[in-house]
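Student: Sequence:
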Amino acid sequence: MIFLFVSVTNALYTVDGLSEINAVRNNINNCGEPLTSSGNFSSPGWNAGEPYPPNLNCSWHFRRPSKPDCPNSITLTFLDIEKASRGGNCAFDKLVIQSEFQRFDFCGSDFEKEPMIFSDEVTIQFQSDEMFEGFGWQLQIECMRKIIIMLTVFDFI
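Throughout the sequence shown, residue numbering follows mature numbering (1 follows the signal peptide of the UniProt record, and there is no 0), covering -17 to -1, 1 to 140 in sequence.
Think of the hints as simulated: they come from the structure by calculation, not from any bench. One or more hints might be untrue.
What follows is a list of derived Cβ distance ranges for each label pair [to be verified]:
#1 Asn72 / Asn38: 16 to 24 angstroms
#2 Phe84 / Asn30: 28 to 36 angstroms
#3 Arg69 / Glu104: 29 to 37 angstroms
#4 Glu33 / Phe84: 15 to 23 angstroms
#5 Arg69 / Glu113: 12 to 20 angstroms
The beta carbon of each residue, even a glycine, is placed where N, CA and C say it ideally should be.
Please build the complete structure, drawing on both the sequences and the hints.
Tutor: Written out as structure tokens, the structure is:
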């Protein structure tokens, strides 16, 4: 089974009738790379080892395939996004993972709990402002009957 993600504006893709990924790109910057069921998916600039671009507003919608014969998990690795504002909210750059009943907002490199989202559909949103870009985030997607997202932090010294 293959998931296919292509960065274009307001598109819905079906690959072999097995899965659908809705990709919305709201500006001129590239919002992602092609994705397969065993591939990595990351913020722009990640693969080149560069900070993500400023002024991004990207949204990816993942829908569970209708066929049960898909791989095992979704693992999200959050590495380096602009830190939260003094009030502790993610007012600047942020990564949002959302299902029908759960929402997690991430910024900086610290978080208090590892989210697990069990859902047939998950939306990933990534926004950056005009300054102080980090090196971004990376996730590996393999699907299950229900989508599971786990978050792991790496702290580089």
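Student: Indicate, hint by hint, whether the structure satisfies it.
Tutor: Now the hints, each set against the structure:
1. Asn72 and Asn38 have their C-beta atoms about 19 angstroms apart, which keeps the hinted 16 to 24 angstroms range intact.
2. Between Phe84 and Asn30 the C-beta distance comes to about 33 angstroms, which sits within the given range of 28 to 36 angstroms.
3. A hinted range of 29 to 37 angstroms holds for the C-beta pair Arg69 and Glu104, which are about 34 angstroms apart.
4. A hinted range of 15 to 23 angstroms is violated for the C-beta pair Glu33 and Phe84, which are about 36 angstroms apart.
5. For Arg69 and Glu113, the hinted distance range of 12 to 20 angstroms is satisfied, since their beta carbons lie about 19 angstroms from each other.
Checked against the numbered hints above, the structure violates only hint 4.
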